[in-house]
Structures are given as structure tokens and as C-alpha cells.
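Got chain H sorted already, so can you dock chain Y onto it with the hints?
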Amino acid sequence: MILSVRNLATSFGRRRALDGVSFSLDAGEAVALMGPNGAGKSTIFRCVLGLLPYEGTIQVAGLDATRQGVEARRRLGYVPQSPAFRSSTAAEFVHFVAKLRGVDKRMGDEALEMVGLAENRDRPVREFSEGMRQRLSLAAALLDDPPLLLLDDPTANLDAEARARFLELLRDLRAEGRSLLVSSHRAGEVRGLVDRVVMLREGRVEADGPTGDVLPIEQIGILVTHSEDLDSARRVLLPHTIEELSSTEETLRVTVPADELLLALDQLRAAGLSGTRLRVCSIEEAEVR
Amino acid sequence: MRTLVLREMHEAMRGRWLVAGAAVFALLSLSVSHLGFPGVDAPGPAGSSRAVAGLLDLVLLFVPLMGLVTGALGVAGEREDGTLGLLLSQPVSRATVFFSKFVGQGLCLSLAIVLGLGLAGLAVGWEAGLGEAGSCGVLACDAILLGVASLGIGLLVGTLAAGRTRALTVALLVWVWVVLLADLAICAHVGPGARFWASLANPVQVARTLCLLALSATNEGLGTSGGHAVGTFHVGGAAALLCGALAAWVLAPIAAGWLFFRRQGIR
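Same order as they appear, the protein sequences are chains H and Y.
Quick note: the first sequence, position 197, residue 197 per my numbering, numbers continuous.
Quick note: the second sequence, position 68, residue 68 per my numbering, numbers continuous.
Don't take each hint at face value.
Said to hold, decoys possible - Some residues of chain Y that are not near chain H, with every Cβ distance over 12 Å (derived):
#, residue
1, L4
2, L6
3, G82
4, L111
5, G125
6, V170
7, L212
8, F233
9, H234
10, C243
Stated by the list, open to error - Label-pair distances were calculated between CB atoms; the ranges are:
#, chain 1, residue 1, chain 2, residue 2, range
11, H, R15, Y, A255, 30 to 40 Å
12, Y, R166, H, E119, 54 to 64 Å
13, Y, G244, H, R6, 44 to 54 Å
Hints were generated in silico from the structure; no laboratory data involved.
A virtual CB, placed ideally from N, CA and C, is assigned to each residue, including glycine.
One chain only, chain H, in its complex shape:
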């Protein structure tokens, strides 16, 4: 087991921010912490990282997160919601973290390469877009090759394109067998990424189970008809597609999660497919036509 959280509780003043939270993560597993704002997702990360005092037990790879905090954190890579160190250049930042983690700074350069920031290594972080900053945070989190990555709502401030690119990086890491604990409040984002979902509400675990059980998909159909470029439409819709129904040369019929519909339509429009004939309909209607 790479992470074990038992009866975790903490308070902010009189408010109980976490109240008896328990869950675990096996090696190679990806788990999402979900829930509305204030549910306690970020607070759990801060407890695991030793930033907040807490009651209960947290173990990282068998190490107590409080008593053996330094060794426990050596096994963690952390991607915060808003990256800091904005006055440094990308290279300075990853080299600094490499030194702190006791690894060669060449690993920092390799990490920059991996997240596609090698060409921007000498630019100050403050000049980066949000998407680039998050990729930089991911590069720093991957130094020292930690077995568990903690990602605190990493796509919260990203636009659709940057979000898709970042999620692709995470899917690659997932395919390599790395353990991920990611917080999010976007069901569509975590569906293709994690094995399990821990649903939180007001500092308590409301549900903990396989992704499909905790987040049943409400589907909706999209019909693209008489388009000259159905392949482009298919490519744009692919990350969202649950199922492609019987399509013809003139018609593309897919179902997407209802909570991703607006994003999918925005991306179609951004890809220059606004001239196509789009129609949103129920699944039944998409199947019949």
C-alpha cells in the first residue's frame, strides 16, 4: 500500500474541516478525491504533506507522515493548484528542487523535456501561461521519480486546450504504472484517468468505490451532419466520446458525458467546426436517426 489514511481529522478554528476520513491507495493505483468546494480535498493533501496538524494516521509507503515526514515526502511528488516561485526561470526552479531532493540537476532538464518546456527553460515563470506553470510543477514533482504523485485540482485554472494537454500527460504517467492521487470537481476529467473515486462532503467520505459506480455517467448525444470534415470533428470529440454510434459518410453520431457537453461544443467551435451542422439530442434519438 502506497498511501494509507485512517480516521483523519483536523479543524480550522471551530470548523471541522476533516472528520474521520479513511481511504487507501495501492501501488500503481489512481484515485480521485472529489466533492464540492470546501469538502476537504486540498486539506487532505496538506495533511499528507505535513503542512497541517491533524488527528489520525497517515502512512506513505509505510512511513508515518508526521514522525518520518522528511522520508515520507521523499516518496511524494506534489503539484499544487497554483504554482509558486514565479520570479525564477523554469530551469532555476527545477534545479533548485533537484538540489533539495538530492538528485542531479540533469534530471531537472530531462523533466523539462518530458513536459515539453525545454525550449522555455530560461524564461521567468511569471511569463508562463497557467498551463505551462502546471506542466512545470509536474516536472518538479517528477524529479527523484517518486512512486506517488499528489495533484491538487491541477487543471482548475487551465483553458480547454491546456487542460486536454495536461490530462494527456497524466494519462501517460498512469500508463507507466505510477500511483496518482488527484483532486477534482470535474467528473468528466477523472473518468478516463482513475480507478477509484473517493467522494467527500463536508469533511467526510460520502462514497468510495470504482469510478463507474461512484460517478454513473449521464450521457447525451451529439449529431454532426453534412459536415465536410467529419474526421476533424471525430478527433475533437474523441477525448469526450463514450460511444460512437452507427455513423455514415455524412453523419457522425457520438454520445458524451452530459457534464462535458459544453466543453465539447466549445472545442468543436475552437477547431473551426462552427459551420458544421451540430445537433444535441438524447441517446435514444441519436440511436434512431
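Chain Y only, in chain H's frame:
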């Protein structure tokens, strides 16, 4: 720890506050030392002693401000922008992070003081000889101790304050108190003996009396409380008391800051 100390120094150099403070301090030190030279039309006793007295006033006014603000922003500012959280999420202990700030910022502050008073010392030495320049060396040692004590208080303020603005406000209020109001408040209410003991509760007064004690051949200029201390404990005893008090002012705030910081939640 070395990596973090170097980062603190790098950040302090990159930040505008300490560099601007050091430049202004150096400029004022040079001006004040120049005003003390014979031939310059200024009131008061002429010569290097006047220059050193002027520099001491400058140190007592300026150095606590630099130390307090640097320390306060060093913790509160980095907590607010997420840098502190990111540092503490790495495999380093809280003690390493906290004391690296103290050491790194302390070294930068000391460098700024040495630079400012070094230039003034060169000017005084050029005009009045090497022996007089030595007074600037004594003053620099006193200023560094005062600066480090102020930095410790600043770090304590930054640890306890909720945000950058509040930390800066409290640091400035502390500065106004130790530099201006504390002495006035004490003078108005107590006699020379009690005033000496009360002055030990103010690092600026301790640094002032200690420096005057080290530089003066006579008890003149020590003030009533300093004169009372020399009369009661002799020069050696008074100096030991003042050195002990200044050492306590260096150690106590940073120890208190650490006690709060080690248990503090970083949200």
C-alpha cells in the same frame, strides 16, 4: 541547508526591498560621515567622533527597519504566495526551512551593513586616520547584532501575522515603538536606575548604550541610565550586562518564532 540558505540570499538580492535599503543606507552613511569632517559647516563638535555619532544614530534608525521588514515579509509573503507550502512539501525539515531563512537573510543584512558602514569607514579613515576608522568597525559589529536581533523579531512577526500586509503593518509598528516611542515612554516615568533596566527591554537602546560604552573614553554621552549602569556595575559589568541583553535579543525572538512555526498549519 546550504541550498536553502543560498536561495534565501538569492531571493533577498533579487527582491527590491533589501537592495534598495542597502543602497540608501550606504548613501546616507557616506553623507553622514562627510558631515562630521572638519571644515564642513555643521553644528556640534567637529571631527570623526561627530561622524561616528551621526552614523550610530543612522544605524539605530535604519538597521531595525531593514531587519524587521525583511524578516516579516520573508515568512508571511512566502506563506501567502504558496512558496512556503511548496518548500515544506519537499523532503526537508521545518527546522531547515526556518533557520535557513534566518541565516540567509541575516547574511544579506550583514552584508548590507558592512557595505554601508565600510564605505563610511573608508571616508572617516581617509580624513582622520586608521584608528578612527576602527570606530566604524565597532559600530558595524554592534549594527550587525542589532540587525540580526531585528530580523529575528521580524521572523516572529511574519510567523504570527495572518498575511503580508498585516505582517508589514505590525513590523512597522514595532519599529516605531523601539526607535521612537519606547524611550520616550520610559523617560517620562522612571528614574535613572529603573531606566537602565527598562532599556534592556529595547534592543535599540541596548545596542546604542553598548556602542557608546565601547567607543567613549569617558561616561559622557552615555545618558543618565548608561551613566548609572557604569556607576553601579563599572564598565566591564555594564558591558557584560548589555552584551548578554543583546545576545538574548538575538536568540529569544528567533526561538519564539521557531516554537510557533514548527506547529503552524500552512493553508
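The hints, checked one at a time:
1. L4: violated (8 Å)
2. L6: violated (9 Å)
3. G82: The claim is violated: G82(Y) sits with its nearest Cβ about 4 Å from chain H, within 12 Å.
4. L111: holds (20 Å)
5. G125: Check passes; 39 Å lies beyond 12 Å.
6. V170: holds (21 Å)
7. L212: Given a closest Cβ separation of 41 Å, the condition holds.
8. F233: holds (46 Å)
9. H234: For H234(Y), whose nearest Cβ neighbour in chain H is about 51 Å away, the distance exceeds 12 Å, so it holds.
10. C243: Its Cβ never comes within 12 Å of chain H, the nearest being 37 Å, so this holds.
11. R15(H) with A255(Y): 30 to 40 Å: For A255(Y) against R15(H), whose Cβ atoms are near 31 Å apart, the range 30 to 40 Å holds.
12. R166(Y) with E119(H): 54 to 64 Å: The hinted range 54 to 64 Å is violated for R166(Y) and E119(H), with Cβ atoms some 41 Å apart.
13. G244(Y) with R6(H): 44 to 54 Å: holds (50 Å)
Checked against the numbered hints listed earlier, the structure breaks hints 1, 2, 3 and 12; every other hint is satisfied.
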